Amino acid sequence: MKSLTEHLTFNLPVRMGFLNITGEVESLVRKSGVREGLVLVNAMHITASVFINDDEPGLHEDYKAWLEALAPFDASPSRYKHNRTGEDNADAHMKRQIMGREVVVAITEGKLDFGPWEQIFYGEFDGRRPKRVLVKIIGE
Amino acid sequence: MKSLTEHLTFNLPVRMGFLNITGEVESLVRKSGVREGLVLVNAMHITASVFINDDEPGLHEDYKAWLEALAPFDASPSRYKHNRTGEDNADAHMKRQIMGREVVVAITEGKLDFGPWEQIFYGEFDGRRPKRVLVKIIGE
Amino acid sequence: MKSLTEHLTFNLPVRMGFLNITGEVESLVRKSGVREGLVLVNAMHITASVFINDDEPGLHEDYKAWLEALAPFDASPSRYKHNRTGEDNADAHMKRQIMGREVVVAITEGKLDFGPWEQIFYGEFDGRRPKRVLVKIIGE
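Chains as they are written, first to last, in the working numbering: chain A, 82 to 221; chain B, 82 to 221; chain C, 82 to 221.
Bear in mind the hints are in silico, worked out from the structure with no lab data behind them. Be aware that a few hints might be false.
Copies of the same chain are indistinguishable here, so a pair counts whether it falls within one copy or spans any two.
Think about it this way: if two alpha-carbon atoms lie no more than 30 Å apart in a straight line, the pair counts; the simulated DSBU-like pairs of lysine-lysine are [as the list claims (entries may be wrong)]:
#1 K162 with K212
#2 K83 with K192
#3 K145 with K162
#4 K83 with K145
#5 K112 with K83
#6 K112 with K192
#7 K212 with K192
Since the structure is predicted, the reported quantities are computational estimates derived from the model, not experimental observations.
The task is simple: from the sequences and hints, build the whole structure.
Here's what the structure looks like:
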């Protein structure tokens, strides 16, 4: 069994934003030499997500508005008890649960085995600082 | 390490619906000959889900009503910017994030290692056309 | 390829609650002898979750209030058709979809490859009875 482990760092200049990281993951799959296996891609921070969806700017705006409606940003400790700790990011912990922590993708014949529109995104909900994503590849 | 890759195709005659695909996945686990390992089952389309829950028709009706309340279908471009592209399925991209893209299931002694009520479903949120699901099995 | 399979049992004395199970998973990773691989941790019941987030009591209270607002408990069969079967836990099936069934975590140099705040939780939405969690480790 072969394996490859890489930790990527992203620093988005906004509180909430999405970054297409498909190219980075594809490069690591090639580097691993794995022909048949799995790749795990996960946020290492609990106010961020890795998810698969469409690279369409209008959809990303829709996601932001929808997540903001489901879990509004509110720095005050009155809405969210978590913000009594001095944090202001309780909403980000909720947005991340909706969008998910991780994706697991099949590697087939040395490539990400993707449908026509699948792209991997880093989803940031409490940005403006460096945060990490783990890529773990196993297979043969 | 053994591996097996299969792409299943489903065409649901409705916009939103759920299909129990546990039997198909079980057959592929047997075909793979894997005794100890993992199976990844994921939607290859970004307006569909694969998830594990109960095969109870009332619950499925509840899921539909709940998802429709959280992310209503609205073909107009006024609610969803994604629908300015000519699409009408922005809501489906949101419903899919709630229900998830994929499941990873343990294979133990050659079988899906399931609790008493776990069943694998294909979740369709923009149907009436053929769409694919990937099954990837690795192990020994 | 090495593998290890364990089924843990939890019995939370409340309807909804979260239990940090990181220590149990770490022990099993050590027991497995796997240095590079993946660990799958999943709820085996469809009204429970396994998820990764922060071990902060205020946040957990926020999660409970937020999930209750998104999918309120209502034993009557008027809100949820599932409860016409004699069950009272339709809401728990929805809360579990938000929080997720499973996590997949990388094992690197024999340890869970975690960010600074990542902790694994069992999430219970219909407790007061024993329920199981599966831990499956594969790698080398």
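Worksheet entry | Hint numbers contradicted by this structure | 4
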